[in-house]
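Read top to bottom, the protein sequences are chains A, B, C, D, E, F, G and H.
Heads up: the first sequence begins at 1 in our numbering, then just goes up one per residue.
Heads up: the second sequence begins at 232 in our numbering, then just goes up one per residue.
Heads up: the third sequence begins at 463 in our numbering, then just goes up one per residue.
Heads up: the fourth sequence begins at 694 in our numbering, then just goes up one per residue.
Heads up: the fifth sequence begins at 925 in our numbering, then just goes up one per residue.
Heads up: the sixth sequence begins at 1156 in our numbering, then just goes up one per residue.
Heads up: the seventh sequence begins at 1387 in our numbering, then just goes up one per residue.
Heads up: the eighth sequence begins at 1618 in our numbering, then just goes up one per residue.
The set of hints was computed from the structure by calculation and includes no laboratory data.
Quantities reported herein were computed from a predicted structural model and do not represent experimental measurements.
Yeah, the Cβ is synthetic: ideal placement off N, Cα and C, and Gly gets one too.
Hints are not guaranteed to be accurate.
[To be verified] Stretch by stretch, here's where chain F covers chain H in the computed footprint (C-beta under 8 Å, at least three residues):
| # | region |
| --- | --- |
| 1 | 1698-1709 |
| 2 | 1789-1802 |
[Unchecked claim] Pair ranges (Cβ atoms, derived):
| # | chain 1 | residue 1 | chain 2 | residue 2 | range |
| --- | --- | --- | --- | --- | --- |
| 3 | D | S718 | G | P1408 | 55 to 61 Å |
| 4 | G | P1611 | F | T1159 | 49 to 55 Å |
| 5 | C | G485 | H | G1625 | 49 to 55 Å |
[Unchecked claim] No more than 30 Å apart at the CA atoms, straight line, and that leaves these computed lysine-lysine pairs for BS3-like:
| # | chain 1 | residue 1 | chain 2 | residue 2 |
| --- | --- | --- | --- | --- |
| 6 | E | K934 | C | K601 |
| 7 | C | K472 | B | K241 |
| 8 | F | K1294 | D | K703 |
| 9 | E | K1063 | G | K1396 |
| 10 | D | K832 | E | K1063 |
| 11 | C | K601 | A | K139 |
| 12 | H | K1756 | F | K1165 |
| 13 | B | K370 | C | K472 |
| 14 | H | K1627 | A | K139 |
| 15 | D | K832 | B | K241 |
| 16 | F | K1294 | G | K1525 |
Number of protein chains: 8
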Amino acid sequence: DGATVDLGRKARCGFGEVIYGPGKSADLVARLIETQLEAGQDSLVTRIDPQTAVAATHRFTHARHNPVARTLRVSSAPIVSGLQPSPNGLHVAVVTAGSTDAPVAEEAIETIEWMGVPVSRFDDIGVAGPQRLIAAVPKLREASAVVVVAGMEGALPSVVAGHLAVPIFAVPTSVGYGASLGGLTPLLGMLSACAANVAVVNIDAGFKGGYLAGMVVSQLRQVTPDTCQAS
Amino acid sequence: DGATVDLGRKARCGFGEVIYGPGKSADLVARLIETQLEAGQDSLVTRIDPQTAVAATHRFTHARHNPVARTLRVSSAPIVSGLQPSPNGLHVAVVTAGSTDAPVAEEAIETIEWMGVPVSRFDDIGVAGPQRLIAAVPKLREASAVVVVAGMEGALPSVVAGHLAVPIFAVPTSVGYGASLGGLTPLLGMLSACAANVAVVNIDAGFKGGYLAGMVVSQLRQVTPDTCQAS
Amino acid sequence: DGATVDLGRKARCGFGEVIYGPGKSADLVARLIETQLEAGQDSLVTRIDPQTAVAATHRFTHARHNPVARTLRVSSAPIVSGLQPSPNGLHVAVVTAGSTDAPVAEEAIETIEWMGVPVSRFDDIGVAGPQRLIAAVPKLREASAVVVVAGMEGALPSVVAGHLAVPIFAVPTSVGYGASLGGLTPLLGMLSACAANVAVVNIDAGFKGGYLAGMVVSQLRQVTPDTCQAS
Amino acid sequence: DGATVDLGRKARCGFGEVIYGPGKSADLVARLIETQLEAGQDSLVTRIDPQTAVAATHRFTHARHNPVARTLRVSSAPIVSGLQPSPNGLHVAVVTAGSTDAPVAEEAIETIEWMGVPVSRFDDIGVAGPQRLIAAVPKLREASAVVVVAGMEGALPSVVAGHLAVPIFAVPTSVGYGASLGGLTPLLGMLSACAANVAVVNIDAGFKGGYLAGMVVSQLRQVTPDTCQAS
Amino acid sequence: DGATVDLGRKARCGFGEVIYGPGKSADLVARLIETQLEAGQDSLVTRIDPQTAVAATHRFTHARHNPVARTLRVSSAPIVSGLQPSPNGLHVAVVTAGSTDAPVAEEAIETIEWMGVPVSRFDDIGVAGPQRLIAAVPKLREASAVVVVAGMEGALPSVVAGHLAVPIFAVPTSVGYGASLGGLTPLLGMLSACAANVAVVNIDAGFKGGYLAGMVVSQLRQVTPDTCQAS
Amino acid sequence: DGATVDLGRKARCGFGEVIYGPGKSADLVARLIETQLEAGQDSLVTRIDPQTAVAATHRFTHARHNPVARTLRVSSAPIVSGLQPSPNGLHVAVVTAGSTDAPVAEEAIETIEWMGVPVSRFDDIGVAGPQRLIAAVPKLREASAVVVVAGMEGALPSVVAGHLAVPIFAVPTSVGYGASLGGLTPLLGMLSACAANVAVVNIDAGFKGGYLAGMVVSQLRQVTPDTCQAS
Amino acid sequence: DGATVDLGRKARCGFGEVIYGPGKSADLVARLIETQLEAGQDSLVTRIDPQTAVAATHRFTHARHNPVARTLRVSSAPIVSGLQPSPNGLHVAVVTAGSTDAPVAEEAIETIEWMGVPVSRFDDIGVAGPQRLIAAVPKLREASAVVVVAGMEGALPSVVAGHLAVPIFAVPTSVGYGASLGGLTPLLGMLSACAANVAVVNIDAGFKGGYLAGMVVSQLRQVTPDTCQAS
Amino acid sequence: DGATVDLGRKARCGFGEVIYGPGKSADLVARLIETQLEAGQDSLVTRIDPQTAVAATHRFTHARHNPVARTLRVSSAPIVSGLQPSPNGLHVAVVTAGSTDAPVAEEAIETIEWMGVPVSRFDDIGVAGPQRLIAAVPKLREASAVVVVAGMEGALPSVVAGHLAVPIFAVPTSVGYGASLGGLTPLLGMLSACAANVAVVNIDAGFKGGYLAGMVVSQLRQVTPDTCQAS
Ligand SMILES: Nc1ncnc2c1ncn2[C@@H]1O[C@H](COP(=O)(O)O)[C@@H](O)[C@H]1O
Ligand SMILES: Nc1ncnc2c1ncn2[C@@H]1O[C@H](COP(=O)(O)O)[C@@H](O)[C@H]1O
Ligand SMILES: Nc1ncnc2c1ncn2[C@@H]1O[C@H](COP(=O)(O)O)[C@@H](O)[C@H]1O
Ligand SMILES: Nc1ncnc2c1ncn2[C@@H]1O[C@H](COP(=O)(O)O)[C@@H](O)[C@H]1O
Ligand SMILES: [Mg+2]
Ligand SMILES: [Mg+2]
Ligand SMILES: [Mg+2]
Ligand SMILES: [Mg+2]
Ligand SMILES: [Mg+2]
Ligand SMILES: [Mg+2]
Ligand SMILES: [Mg+2]
Ligand SMILES: [Mg+2]
């Protein structure tokens, strides 16, 4: 019915194709996952609705559905999640401005873990309470790439970036109302950031922010000799 | 020729009409100023071009042209400028994110001084260098109203507001390029600020930001008994 | 679960953190309120949906749910509401252009009352019926700060501002259709106001308009000696 | 060279084709005017630059160039201008909010006079000085159609409309800066007006506002018996 | 509860206040109507939802609910509707581009009839079938004002205007998808019309288009001696 | 210096690469043209400024610079231009709404002639003068593809399309002001056209409109036997 | 009730009027279809909702409802669908970027088949998997016109166009989120394509893309002698 | 005069503050550079106009002004530029779609070289000539981060990303006209890319794209043992 999975993406791009959930039936999703598993690739489905996810989950031995993140992961081996990175170990940090940004942050975290990269998390440390970010800076400086998730005015990435020497992947969210224009305002603000080390992805695109940060750390892990990489 | 000055505004609104310069000849500007002086009102002209300002200046005994601010002030008495507020005296603070925001900040300052309100100034303390704002906070907390002038992503008002217990009047500037959309991006960001004490005025409207902050302090000075108000 | 309340905000900003309701469960809201009550802070929740509000209300002795304003207030003491300010007493005035703007005005009023500041109300006095505003001007001139709530073309703040010598906090609403663009048109109009004393907050942000006006009056009440302040 | 004048428009639409100046050479403009004069039609050229206008003027006996309005009128008979309408005579009123709106208002007035309709003028009566409009209302009520020219937030048409029982043709201008978006903000505001009797034309389109108001009065003059129509 | 009806509008503006339905309860609508009836004014409610309309209808002897137009009219006398204007009688013509524009056209027609003005109707004569408009032109030329209702690209008003010598009130509709941007595209197109006699109202604002055209014809009927006006 | 010409485009796409002039020096343009001539390809440069064009022209034997169209064509053989298509011969028609659209139409015509396709031209037949289009329809129906160039509200393509059975390539122009938004309004209007046979290209993109229409006719000429194709 | 079908369109434009479904009842749709059948024209209804389609289907002998495409076709003869074009036969190719674009592609295909033109299909060959497009190029080069359907960034038409010598009709879809702005982003991108042979239709307008491509091939089939046209 | 340089940025962020040129005098620029040199930091000034750059250059021994990139670099040691990275050495690749994108690409390259990171360059390989990108892929795959600079529709980053396993930093340019909206269209398109490894920076922000890619490679060089890193 017109949907095929691009099995060559893993060789070309380092990681398999991520399946975009909207508009796909549970049957189709399951068929695409099976094709990937047969090719030895772990699956990640994003923006999956709960019914489709639950239906698909029942067909596989090792599956993880995160309803907050709206993700489904399927693997040929057990899926581990939520491990904190060891001190000084190469890892990504995921930061949120407010508690309402959690679904986007969780999509980023599921993606990073699917890539096999450790991740630490810093929640609800937006700029209206500046002491919260200050307190987090020392631990944030241990990460090799940072995903910053923020809605409303989206000021947090600029502020975080001013404290750090690593790439910041800013994810604007549709949290807010009125002049935040469904996320366009934080998007444009993040693109206009006065800090140099801020790159931006699409509104609510936790998947992309996580993927890019995960890729940076994945590259670092590949070139780092075992003696140096502790995580 | 169709232009009249609204002499009743001082009685209704507390301060005389401010003359908007663009499209007005030097002759017209001078005539409007004369009308105000005769009515016992000091004049403030904004967005005046240098030629018009210089031509008009020559006609009056007490005039002050600030070419950076693009303002002209004319009074029946000598004009003083640049006095720092005494410690604990009621005053406005004017803050800029970057040095390129100076013209807008100067327009605010000229307006506040025209209102007879003391003003302190904090320059180039944008979010990319967070230690600069932290250092300024104790003195900023002495002000009773704050004007924050910022372009690009316009993150500074939210961050300043998180440290203070007074109204913040945020002035977005057209400093920046691309996604900052000539100031629309910081404007929308400031309106979406997660901090509650941020009100916003038009892009590059240093005059309005200054006027509102000056009005807040002016009200405070009126109700404060002499024993309490030191400035 | 990632949500914490910023208890330091009261010391830094004069009033406690206001809890933004959307996306928060009744359990989470209740837990955040409890944290504030234990710290001796009264709670204000905005944009709360009725179910969550009712569920949360049952847990507290002194709670006030305003379903029109979509607010919930919780205190350790009984909550009084709706008192008119005494003549000449320092207070805020809240004005609406049309009857459809009521929910936003009520959010402003709940916020101002939560701040302990008296408030007067002027309803449905939009510009299409100019005699209504004219009639209200003498009483409006008694207020020390004014919140003007208007949708459609948002002309009312400019018109009100032309009569008054205090700061106007303009709140554009999403009332209207077509070219009013969900509130963007009155927002942009208010920012472009030819009157100098108009500051603007986000679309439908009754909370912010009320907070800023309340802060101005609160500052005035602090510096005013008892002999002078009558309310 | 591809430009022809539509001589049939007078029969179909009541008035001849109005020539849009930009991009047309003085030669072409003169040729088009000649074609109209030969057909017994008076010419109106809008948005003409001064050089082209002066060059064209020299070729014709009865020509009127208004450099403020950027119009050129040519007729086979002497052109009269600036007559005030007699009391109670059918006429259009043209109103401006600020003195900077004059060029657009003059374009409207030239158009109305070219249509042979009397016109009265009310300048600089914007909403920030409300007593000015109030003073003008009695005379404004004598007009049968009103053109209101306003930039910045464009609030004046709504306010004028609330006092009158005739059609208001609102002309937004590009006067203003920042959030007035080159006239888009007053345009959208006028379209969203809460008053029912406000129709809108393009930004800076004094020509169109004048044409429509002139047409309404022209229709009235045609059906009115001589005994009743005094002007 | 904050909603009052502006009874003075009839004296000032020629017709009573039109009640905007959204957000008003059936009780409130009924109360406002009663106030108008007591003052001797017929009521027109727009954008009323069916339940509210039916509930309100039951309370009054002479009421007319048009569910397609979403209007409710209430009078102290029987309401007549749908009469065709006599030949050569002064009247408004209402034109639609496509059959999907009917609800907006009906809102215009109800408004015009409420004003006591005759109206003729021309349906589904959009530009893709040019012979349909050509056929209608002779009868269209009998109207003294024309309302043109069109969505998608909104080309019809320009085309109609090129055939007629009366004011055209163009009403853009939200009919269409994608690039028609919910009506913004026809709105902007109508404002940019190359024809001079096109004025524009808000998207879907059948009420306003009808009101303005009705007002033009109403003025004509007032000055026309009985011997001349046949309808 | 980083600029190369894609010589393979003729084989892949049927016609050689068209050189985009802005930002290219006369030397670079000449070098790119030489590369094409050596490969046996005729050159077309668009958006070339006059100085660059004149400088480049002097280097080649067979060159044609059209300053209105801002094009430069260079060939190894003499360049013919301006031939009218023979009756019934396969050809493109290029139509303009107003005389100000001429530069864009000429860019289309130069492109079509460079493709070796005959072209006919219909100028200044916009919708405000409907009889002009009606008169042109019989000859327009002889074309196999039509380019319609229009600014302001961009209504002409819909109207032309309603008369014809061939593809219409609509080219919006930046002619107009205010609400025509530099061509965005006719662009969006053309995309929303109620006629089915209207495809759209970029604002002022005479080159693209001409290229597509030329390609349609070129395909027809290839499959048409000589006995049938007369031009 | 105001809806009529334009029976003359087939003679003027080559194909009958296509009925736009939204806002039309099953009864009205059936009546319009009957009118067309009686005039010897096959019907195509687009954007029809399933209930209306099923209800209408029951009334006719030869009907085809495609719920994915949201189309209904009715004919006086049996409807065939899904035939692959013979090699070298004149036909249209329809290409999608992702599987989520299928509904728009199916609308195009139903339209092309209704026009009597053969069509081939290439699914899910978007740019993130470049080898998929490369593999399809040889077969794509057999088509005489190509419809490319793509959402998100809409890059596919430019890339396809770089390989082909025929007109590309690009159809942007509303597939995507955030910065793809409901299809505006691919729309604007396709209009800005650096390839010359890309024309664009409205967002999700599979009907229009198919219609234009079908018209190009239909014209070719008419001029092609039978000996040459194999399909 | 309000401008200070943030000397702590090197310690916090890894590289010194980059000086934004617009609005700064040659004297101010020179003073800021001197402050950095004294602190042992090399200077990079962006968006500097030629006069200011030349004036500033004369004051320093080791300065490099790139007028195409509009950059100025000043160091305490000789500045080397333009070295190609050794095969397999860690480096950034900078890619342009068209030759007009060169200034933005050069700004990126100057920034990367200022960071001490090797850079390779691929020019004019946009999607309209697909064989050009295909030819470049093998060498592109040697880079550890890629900057892709493209205007018009901005399709190139998606296409490049589909071939590579490293982060792509996409830089939209203002090259193009009409629907490319000064770079907003490629910006939005890049943000909507269907490829997962594309992050975006501001329009024309070659500096930011280069900085982020340089940072990724700089991190890799730090963790890579000398035996492995060859460049
Ligand atoms: N109605 C409201 N509009 C805008 N901001 C609000 C509103 N209510 C609360 N807030 C702010 O939202 C922040 C809390 O967001 P969160 O961390 O997501 O719970 C607080 O800093 C409040 O100042
Ligand atoms: N459909 C409508 N569109 C725009 N304005 C309307 C409409 N119906 C009524 N109005 C106006 O809305 C105002 C009443 O608003 P409100 O005070 O909220 O009831 C009146 O002044 C009417 O002129
Ligand atoms: N949440 C997401 N946001 C953006 N793109 C995604 C997302 N999830 C998957 N994708 C991309 O969508 C493409 C699949 O689209 P489709 O062919 O419609 O299934 C893959 O190339 C993925 O890289
Ligand atoms: N006027 C034009 N509008 C849009 N694209 C054009 C135009 N002229 C040439 N082009 C395209 O621009 C590309 C050349 O861009 P560049 O590599 O920057 O020289 C070619 O692929 C042409 O198809
Ligand atoms: Mg929080
Ligand atoms: Mg600085
Ligand atoms: Mg009301
Ligand atoms: Mg004035
Ligand atoms: Mg129809
Ligand atoms: Mg013309
Ligand atoms: Mg796919
Ligand atoms: Mg090129």
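Verification of the hints:
1. 1698-1709: violated (count 0)
2. 1789-1802: Since three or more residues must qualify, the claim that chain F covers the region 1789-1802 of chain H holds, with 5 doing so at under 8 Å.
3. D:S718 / G:P1408: 55 to 61 Å: violated, 49 Å
4. G:P1611 / F:T1159: 49 to 55 Å: violated, 42 Å
5. C:G485 / H:G1625: 49 to 55 Å: violated, 37 Å
6. E:K934 / C:K601: With Cα atoms ~27 Å apart, E:K934 and C:K601 stay inside 30 Å; holds.
7. C:K472 / B:K241: Given that 30 Å is the threshold and the Cα spacing comes to 37 Å, the pair is violated.
8. F:K1294 / D:K703: holds, 27 Å
9. E:K1063 / G:K1396: holds, 27 Å
10. D:K832 / E:K1063: violated, 38 Å
11. C:K601 / A:K139: Violated, at about 56 Å.
12. H:K1756 / F:K1165: The hint holds at about 27 Å.
13. B:K370 / C:K472: holds, 19 Å
14. H:K1627 / A:K139: holds, 19 Å
15. D:K832 / B:K241: Answer holds: D:K832 to B:K241 is near 27 Å, not above 30 Å.
16. F:K1294 / G:K1525: The given pair, whose Cα atoms are some 38 Å apart, is violated under the 30 Å limit.
The structure shown violates the earlier hints numbered 1, 3, 4, 5, 7, 10, 11, 16.
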